[in-house]
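Trainee: The residues making up each chain are set out below.
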Amino acid sequence: AQTVTQSQPEMSVQEAETVTLSCTYDTSENNYYLFWYKQPPSRQMILVIRQEAYKQQNATENRFSVNFQKAAKSFSLKISDSQLGDTAMYFCAFMKAMDSNYQLIWGAGTKLIIKP
Amino acid sequence: DVKVTQSSRYLVKRTGEKVFLECVQDMDHENMFWYRQDPGLGLRLIYFSYDVKMKEKGDIPEGYSVSREKKERFSLILESASTNQTSMYLCASSRTGGFGELFFGEGSRLTVL
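In order, the protein sequence lines correspond to chains A and B.
Following our numbering, the numbering of the first sequence begins with 1 at its first residue and continues without gaps.
Following our numbering, the numbering of the second sequence begins with 1001 at its first residue and continues without gaps.
It is possible that some hints are incorrect.
As the list claims (entries may be wrong) - Label-pair ranges, simulated between beta-carbon atoms:
id	chain 1	residue 1	chain 2	residue 2	range
1	B	Arg1044	A	Glu29	29 to 39 Å
2	A	Leu84	B	Ser1067	14 to 24 Å
3	B	Lys1070	A	Val13	42 to 52 Å
4	A	Val13	B	Phe1099	25 to 35 Å
5	B	Pro1061	A	Ser42	22 to 32 Å
6	A	Met98	B	Gly1040	27 to 37 Å
7	B	Arg1014	A	Asn62	38 to 48 Å
8	B	Leu1041	A	Ser42	15 to 25 Å
9	B	Arg1009	A	Arg63	43 to 53 Å
10	B	Arg1044	A	Met11	30 to 40 Å
As the list claims (entries may be wrong) - Pairs of lysine to any residue, SDA-like flavour, derived with a Cα cap of 20 Å:
id	chain 1	residue 1	chain 2	residue 2
11	B	Lys1057	A	Trp106
12	A	Lys55	B	Glu1101
13	A	Lys96	B	Glu1056
14	A	Lys78	A	Ser22
15	A	Lys96	B	Tyr1050
16	A	Lys96	B	Asp1059
17	B	Lys1018	B	Glu1062
18	A	Lys111	B	Gln1037
19	B	Lys1057	A	Arg43
20	A	Lys96	A	Gln44
21	B	Lys1003	A	Val48
22	B	Lys1071	B	Thr1086
23	A	Lys111	B	Leu1041
24	A	Lys111	B	Asp1038
25	A	Lys96	B	Arg1073
26	B	Lys1055	B	Ser1067
27	A	Lys96	B	Ser1087
28	B	Lys1003	A	Lys111
29	A	Lys115	A	Phe64
30	B	Lys1003	A	Leu47
31	A	Lys96	B	Gly1058
32	A	Lys111	B	Ser1087
33	A	Lys78	A	Lys111
34	A	Lys96	B	Thr1096
35	B	Lys1003	A	Lys115
36	A	Lys111	B	Arg1109
Claimed, not checked - Covered stretches of chain A (chain B as the covering partner; in silico rule of three or more C-beta atoms under 8 Å from a C-beta of chain B):
id	segment
37	71-77
38	82-96
39	102-114
These are calculated hints, taken from the structure and not from any lab test.
Note that CB positions come from ideal geometry on N, CA and C, so glycine has one too.
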């Protein structure tokens, strides 16, 4: 069975700083997807970034980038130049590439607070 | 703009009451999901549906049932609410071939007294 672990329940940084959220996972699959989702306070969860395991290049989306270490089963999210609007719960998730039901396995989440 | 709408943001119910949580999506997505979100536990899948009238149990289906009579609507039913079902409930949808991109509603916070 797959598991996803986020070891940081809560983090806080000053605005404009860079912050890295950690995620590790366990799987015997070779082909899979990894995700970071963001849940702002009282708003919908949205997809921040997605990584395909067979791609060696780390995914980036503007200020958001990942450090994907397949052998170490590590998938961290880096937020550069953090903004107040980045305050949210962040969830790491895993999905088998051949999962026809598109089921995601979720971490417990990290609460990120950006301080002005 | 894509949208998933959950009928109630906040509900307070009494133990033993029947509870309906409604979810509607306007993206013509095939797949719909009901999750339960609790602090420190992440999201846990209750039920999902990949087609009209089709449903599959997730990780924690006990005490819940679902209904999908139309493609755009997926309902979660608590037949007899209990205090341990106090939680945040999230509905999500995705298209087949969407590679894990889920679109979520704002959530329904249920309190059972």
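Trainee: Now, for every hint given, state plainly whether the structure supports it.
Mentor: Tested hints:
no.	hint	result
1	Arg1044/B / Glu29/A: 29 to 39 Å	21 Å, violated
2	Leu84/A / Ser1067/B: 14 to 24 Å	41 Å, violated
3	Lys1070/B / Val13/A: 42 to 52 Å	45 Å, holds
4	Val13/A / Phe1099/B: 25 to 35 Å	31 Å, holds
5	Pro1061/B / Ser42/A: 22 to 32 Å	27 Å, holds
6	Met98/A / Gly1040/B: 27 to 37 Å	30 Å, holds
7	Arg1014/B / Asn62/A: 38 to 48 Å	47 Å, holds
8	Leu1041/B / Ser42/A: 15 to 25 Å	20 Å, holds
9	Arg1009/B / Arg63/A: 43 to 53 Å	30 Å, violated
10	Arg1044/B / Met11/A: 30 to 40 Å	23 Å, violated
11	Lys1057/B / Trp106/A	17 Å, holds
12	Lys55/A / Glu1101/B	18 Å, holds
13	Lys96/A / Glu1056/B	17 Å, holds
14	Lys78/A / Ser22/A	9 Å, holds
15	Lys96/A / Tyr1050/B	17 Å, holds
16	Lys96/A / Asp1059/B	16 Å, holds
17	Lys1018/B / Glu1062/B	15 Å, holds
18	Lys111/A / Gln1037/B	14 Å, holds
19	Lys1057/B / Arg43/A	27 Å, violated
20	Lys96/A / Gln44/A	24 Å, violated
21	Lys1003/B / Val48/A	17 Å, holds
22	Lys1071/B / Thr1086/B	28 Å, violated
23	Lys111/A / Leu1041/B	13 Å, holds
24	Lys111/A / Asp1038/B	13 Å, holds
25	Lys96/A / Arg1073/B	26 Å, violated
26	Lys1055/B / Ser1067/B	8 Å, holds
27	Lys96/A / Ser1087/B	27 Å, violated
28	Lys1003/B / Lys111/A	25 Å, violated
29	Lys115/A / Phe64/A	18 Å, holds
30	Lys1003/B / Leu47/A	14 Å, holds
31	Lys96/A / Gly1058/B	16 Å, holds
32	Lys111/A / Ser1087/B	18 Å, holds
33	Lys78/A / Lys111/A	14 Å, holds
34	Lys96/A / Thr1096/B	14 Å, holds
35	Lys1003/B / Lys115/A	30 Å, violated
36	Lys111/A / Arg1109/B	19 Å, holds
37	71-77	violated (count 0)
38	82-96	holds (count 3)
39	102-114	holds (count 7)
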